[in-house]
Amino acid sequence: MKNGLYSVTFSYAGDSGAGVVVLTDGKVRGGDTSFFYIGNLGVNGSEATGVIDVARHSPGLPNVFGVDAYQLTLNAKLISGGELKGTAKTAAVPGATLQVVMKLIAED
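In the numbering used here, the protein residues as written are 1 to 108.
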């Protein structure tokens, strides 16, 4: 996966959100208006997996899971054109599956 700036959209149970992340050599750093994201993303062929910590940095909008801090386990596929589509789960909300799309918007 290319290093660069990615838009991120996510949805769960009718709620959705969006943010941006910078991917640099497998490290993920980013956020949105109320939460930051820090983690790692590994790629093997067309498969991508990662672990991302999500936590509130300021009061405001609720997130799609309704909790202030959690860890996501991401499983996704690389799509041509710098796009990744997949799902993420967290132990903070058992049984919940977050739909995730990342799109490259500026390459390093």
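Since the hints were derived computationally from the structure, they do not count as laboratory data.
The C-beta atom is built at its ideal place from N, Cα and C for all residues, glycine as well.
Misleading hints may appear alongside valid ones.
Straight line, CA to CA, 20 Å or less: simulated DMTMM-like cross-link-like pairs of lysine to aspartate or glutamate [claimed, not checked]:
| # | residue 1 | residue 2 |
| --- | --- | --- |
| 1 | K85 | D15 |
| 2 | K89 | E47 |
| 3 | K89 | E107 |
| 4 | K103 | D32 |
| 5 | K103 | E47 |
What follows is a list of derived Cβ distance ranges for each label pair [stated by the list, open to error]:
| # | residue 1 | residue 2 | range |
| --- | --- | --- | --- |
| 6 | T87 | G45 | 27 to 37 Å |
| 7 | N40 | I105 | 19 to 29 Å |
| 8 | G45 | N3 | 11 to 21 Å |
| 9 | K77 | A106 | 34 to 44 Å |
| 10 | G14 | D108 | 13 to 23 Å |
| 11 | E107 | P59 | 26 to 36 Å |
| 12 | P62 | D108 | 13 to 23 Å |
| 13 | D53 | K85 | 18 to 28 Å |
| 14 | S46 | T73 | 13 to 23 Å |
| 15 | T97 | P62 | 15 to 25 Å |
| 16 | S46 | G66 | 16 to 26 Å |
Results for each hint:
no., hint, verdict
1, K85 with D15, "holds, 17 Å"
2, K89 with E47, "holds, 16 Å"
3, K89 with E107, "violated, 28 Å"
4, K103 with D32, "holds, 15 Å"
5, K103 with E47, "holds, 15 Å"
6, T87 with G45: 27 to 37 Å, "violated, 18 Å"
7, N40 with I105: 19 to 29 Å, "holds, 21 Å"
8, G45 with N3: 11 to 21 Å, "holds, 18 Å"
9, K77 with A106: 34 to 44 Å, "violated, 22 Å"
10, G14 with D108: 13 to 23 Å, "violated, 35 Å"
11, E107 with P59: 26 to 36 Å, "holds, 34 Å"
12, P62 with D108: 13 to 23 Å, "violated, 32 Å"
13, D53 with K85: 18 to 28 Å, "holds, 21 Å"
14, S46 with T73: 13 to 23 Å, "holds, 18 Å"
15, T97 with P62: 15 to 25 Å, "holds, 18 Å"
16, S46 with G66: 16 to 26 Å, "violated, 33 Å"
Hint compliance for this structure: hints 3, 6, 9, 10, 12 and 16 are not met, and every other hint is.
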